[in-house]
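Starting from the known structure of chain L, arrange chains C and H on it as the hints suggest.
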Amino acid sequence: MVSKPIAYFPGCSLHGLAKPFDTSTRLVCNKIGIALQEPDDWNCCGATSAHSIDHTLNLALGARNLNLVAKSMSNTVTAPCAACYSNLKRSSLELQNPQKRKFASELVDDDLENVENVNVIHLLELLSETSISNEIKASLKYRFSDLNVVCYYGCLTVRPNLESDLESDSSENPQSMDRLLGALGADVRDWSHKSECCGGSHSLCGPELANIRTDEVLRQAIASGADVIAVACPLCHSNLEFRLHALQARGKQIPVVFFTQLIGLAMGFATKEVGLNKLLVNSFPWREKLTLA
Amino acid sequence: MTMVITGNSTLQAEVEGICDVNIDACIQCGTCTGGCSGIELMEYGPRQIIQLIKLNQRQLLLDSKAIWMCVSCHICEDRCPSKIKITSLMDTLREMACKEPTTKTNEQIKFHKLYVKQVKAFGRSHESILTMALTFKGTPLPPLKLMKDLITRMRVDMTPPHRPNKSYRLSIRRVEEKGGKRHGK
Amino acid sequence: MLNEGVLVVGGGVAGMQAAIDIAASGKEVVLIDKDKNLGGHVKEYGALFPDLTEGASLVEQKVRIIKNNPKIKVLVGTEVNKLQQVEGALKASFINTGNPQEQIFSAAVISTGFDNFDGKKYGEYGYGRFPGVITGIDFEHQEEAILKRPVKTAVFIKCVGSRDRSKGMPYCSKICCMYTAKQALELKKAQPNAQVYVFYMDIRSNFKNGEEFVRGVMENQHVKYIRGRVGKVIPTNGRLLIRAEDTLMGVPIELEADLVVLATAMVPSQATQSLVTQVGGKLDNNGFILPIPMAESENPMSLTKGVFYAGACGFPCDVKDAMNQGSAAAAGVLSYLQSNRGAAK
Numbered sequence: 001m002v003s004k005p006i007a008y009f010p011g012c013s014l015h016g017l018a019k020p021f022d023t024s025t026r027l028v029c030n031k032i033g034i035a036l037q038e039p040d041d042w043n044c045c046g047a048t049s050a051h052s053i054d055h056t057l058n059l060a061l062g063a064r065n066l067n068l069v070a071k072s073m074s075n076t077v078t079a080p081c082a083a084c085y086s087n088l089k090r091s092s093l094e095l096q097n098p099q100k101r102k103f104a105s106e107l108v109d110d111d112l113e114n115v116e117n118v119n120v121i122h123l124l125e126l127l128s129e130t131s132i133s134n135e136i137k138a139s140l141k142y143r144f145s146d147l148n149v150v151c152y153y154g155c156l157t158v159r160p161n162l163e164s165d166l167e168s169d170s171s172e173n174p175q176s177m178d179r180l181l182g183a184l185g186a187d188v189r190d191w192s193h194k195s196e197c198c199g200g201s202h203s204l205c206g207p208e209l210a211n212i213r214t215d216e217v218l219r220q221a222i223a224s225g226a227d228v229i230a231v232a233c234p235l236c237h238s239n240l241e242f243r244l245h246a247l248q249a250r251g252k253q254i255p256v257v258f259f260t261q262l263i264g265l266a267m268g269f270a271t272k273e274v275g276l277n278k279l280l281v282n283s284f285p286w287r288e289k290l291t292l293a
Numbered sequence: 001m002t003m004v005i006t007g008n009s010t011l012q013a014e015v016e017g018i019c020d021v022n023i024d025a026c027i028q029c030g031t032c033t034g035g036c037s038g039i040e041l042m043e044y045g046p047r048q049i050i051q052l053i054k055l056n057q058r059q060l061l062l063d064s065k066a067i068w069m070c071v072s073c074h075i076c077e078d079r080c081p082s083k084i085k086i087t088s089l090m091d092t093l094r095e096m097a098c099k100e101p102t103t104k105t106n107e108q109i110k111f112h113k114l115y116v117k118q119v120k121a122f123g124r125s126h127e128s129i130l131t132m133a134l135t136f137k138g139t140p141l142p143p144l145k146l147m148k149d150l151i152t153r154m155r156v157d158m159t160p161p162h163r164p165n166k167s168y169r170l171s172i173r174r175v176e177e178k179g180g181k182r183h184g185k
Numbered sequence: 001m002l003n004e005g006v007l008v009v010g011g012g013v014a015g016m017q018a019a020i021d022i023a024a025s026g027k028e029v030v031l032i033d034k035d036k037n038l039g040g041h042v043k044e045y046g047a048l049f050p051d052l053t054e055g056a057s058l059v060e061q062k063v064r065i066i067k068n069n070p071k072i073k074v075l076v077g078t079e080v081n082k083l084q085q086v087e088g089a090l091k092a093s094f095i096n097t098g099n100p101q102e103q104i105f106s107a108a109v110i111s112t113g114f115d116n117f118d119g120k121k122y123g124e125y126g127y128g129r130f131p132g133v134i135t136g137i138d139f140e141h142q143e144e145a146i147l148k149r150p151v152k153t154a155v156f157i158k159c160v161g162s163r164d165r166s167k168g169m170p171y172c173s174k175i176c177c178m179y180t181a182k183q184a185l186e187l188k189k190a191q192p193n194a195q196v197y198v199f200y201m202d203i204r205s206n207f208k209n210g211e212e213f214v215r216g217v218m219e220n221q222h223v224k225y226i227r228g229r230v231g232k233v234i235p236t237n238g239r240l241l242i243r244a245e246d247t248l249m250g251v252p253i254e255l256e257a258d259l260v261v262l263a264t265a266m267v268p269s270q271a272t273q274s275l276v277t278q279v280g281g282k283l284d285n286n287g288f289i290l291p292i293p294m295a296e297s298e299n300p301m302s303l304t305k306g307v308f309y310a311g312a313c314g315f316p317c318d319v320k321d322a323m324n325q326g327s328a329a330a331a332g333v334l335s336y337l338q339s340n341r342g343a344a345k
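Chains as they are written, first to last, in the numbering used here: chain L, 1 to 293; chain C, 1 to 185; chain H, 1 to 345.
This is chain L alone, in the form it adopts within the complex:
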């Protein structure tokens, strides 16, 4: 068992449309002994809107969240949502600047002690740590066979990408999800759009652009022979799912799953437990793809 307390920032989407991401993340982490601690009263990261039109608000939102982590038992926070992760990381970079930190501390009425030392990692990074990924491998009950997967990281699970982040995934050809799912026996396909943008931030305010982007991602994913698209971002997930739904009559239907759902399934959880029944494309023969490990 890993037994490592870690701050967990689910973000707003995981309480709504991406609930299965939250459920499966908690199941998987619990199984291998990672104690996820959700800070009380965390607030929205600001999504695209706060940093787009109100920088002061964005700074306060980020500082407040990171401060909750700084005061918790762990100085590392993991976010499964790519937008939350990217925003928290941007905030943490911004708060390295003492001038900004001072201004932010006035905003949130706290001295923000140690806030600059909070380490922000995406859930993919957490689960890819050697000891944890070994723990995952050791707890597998099933292996996938004959399952072609493309890993869709989206733009923000790997960005902003810093030179100093030698450990982090290369933003143009990330590997962490490929390795995690490869270890489950899935046939992980390399493809061109691993970390391209789905246009998700425009899905509610500019669907034309979002459609151009999602169509391209879906086309490339299907052309690379995928049966399943695995994602690590709730916005990528809903955006791709909704687009497939709109194209139902015309295009190939392909399940878009959270990578944690696949890990959970291979660990022996039921399709319902990991929330695969809640997907819009929910009639995939998962059972047939699993063999005892």
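The hints are simulated quantities; they were obtained by calculation from the structure and are not laboratory data. Using N, Cα and C, we set each Cβ at its ideal position, and we do this for glycine too. Warning: the hint list may mix true and false statements.
Straight-line alpha carbon distances no greater than 30 Å define the calculated DSSO-like cross-link-like pairs of lysine-lysine that follow [said to hold, decoys possible]:
no., chain 1, residue 1, chain 2, residue 2
1, L, Lys-100, C, Lys-54
2, C, Lys-104, L, Lys-252
3, L, Lys-102, C, Lys-113
4, L, Lys-100, C, Lys-166
5, H, Lys-167, C, Lys-54
6, C, Lys-83, H, Lys-208
7, C, Lys-145, L, Lys-252
8, C, Lys-83, H, Lys-121
9, L, Lys-100, C, Lys-117
10, H, Lys-148, C, Lys-83
11, C, Lys-113, L, Lys-100
Stretch-level coverage of chain L by chain C, calculated; a stretch enters the list once three of its residues show a Cβ under 8 Å from a Cβ in chain C [stated by the list, open to error]:
no., stretch
12, 12-19
13, 146-159
14, 254-266
15, 278-285
Chains C and H only, in chain L's frame:
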């Protein structure tokens, strides 16, 4: 259209005063535009936006559609050989445009304002309430079939919105008092 | 007792030229290279710009001169692991066919060359992932095969690793504009119906006949130059979709190609650093040799007492320049030995 240059760009100084970007580091290579996720609907790509800042084209930029078609994907910034923080630059231009009384509203401004309002009130966003609020403001509802499929799959958040504690509400009040104040790069 | 032997570390064109010129005056030279053969990178190049001399034949000529001069002892497959100043001389330790050896020299030339930038660092171009994406160096190595394989459209991408403060090196590698034009020319000559595009930011052809060469490639071979740095390469329909901006038009463009050639940068070689620091020399911020300021040295290739350098270990340069530097370093060595002998008497 002739752009008359009357000395160093005051817009450049203004932008650089807000965000940590050196506009003069740009080598005009076009990598940003070549990989831009919003380019199909922009009248100026990121490279041109940078050049227009140098040319002091404040009004043109703040009225542009391009700054709102940026999806904040960070890809341009990631590939920029001059390490220009283009995402922060776009944020800066958007915020400037938002503060400008002459800026006409659009779908994105409407959305962002609504989102920010909700976050200020609830501390978190609430998809169902946000969707309803958007509809109220004239955005078409999602397709009925989609809504039905999401509801039957228990994907729609029916819980009441989050109630943030006092410290959060205090922070928001301070943001509103101090908002707009410059606070260094 | 003064040993007048001279050590040359690195048997590329710069080192070979230095060895030839030093030995021509009757001095003993030991020319060491870690590779199995002399000739460095150039032995694997096809035709060289601008006069299309074959790299291999140039190397053959130099090797012939070296073999015919008994004053030059060649040690290939040998790596110098220690080079130290000892009482006005240089003590070198090296491992030759498994045997550690030591030898005293009176002067040395460092001509350790360069490495090629790893094209995989640009994940967006898909080198090593997408079939059909190669580097300019691969083009040289597999020239015959590449020219024979029919292509409908080829795209050359310049400045891959050069002029990039983020993923690559901040400097211009100097020769890529020329070798890209040369490769485009060869492709057009071999396959006149192929459409060939070069994506560039600037065209730097500052070599003798360089500008005329590039103009000729455009005007006579009709290679199309597009100003813009490519954003992404996407495998599509069995071909490679190129996404870029035509920065002169200010519009995004797309085109499908069968072959994508990345003009990768010249980067400092790993071997240079340890040798240079051992003899008290310095490296610049990029890892190339930091020369002594011009007004303070007697010879332009002078590094420290009795040690000179030549070629791309100092900074990216073309073949001609590397040989010029080899000759200059040889002149420096000879004049150093001459004045040293005077002092010893």
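Hints and how they fare:
no. : hint                     : in the structure
1   : Lys-100(L) to Lys-54(C)  : holds, 27 Å
2   : Lys-104(C) to Lys-252(L) : violated, 40 Å
3   : Lys-102(L) to Lys-113(C) : holds, 27 Å
4   : Lys-100(L) to Lys-166(C) : holds, 23 Å
5   : Lys-167(H) to Lys-54(C)  : holds, 26 Å
6   : Lys-83(C) to Lys-208(H)  : violated, 34 Å
7   : Lys-145(C) to Lys-252(L) : holds, 18 Å
8   : Lys-83(C) to Lys-121(H)  : holds, 16 Å
9   : Lys-100(L) to Lys-117(C) : holds, 24 Å
10  : Lys-148(H) to Lys-83(C)  : violated, 40 Å
11  : Lys-113(C) to Lys-100(L) : holds, 24 Å
12  : 12-19                    : holds (count 6)
13  : 146-159                  : holds (count 3)
14  : 254-266                  : violated (count 0)
15  : 278-285                  : holds (count 4)
Consistency with the previously given hints fails for numbers 2, 6, 10 and 14, ordered from lowest to highest.
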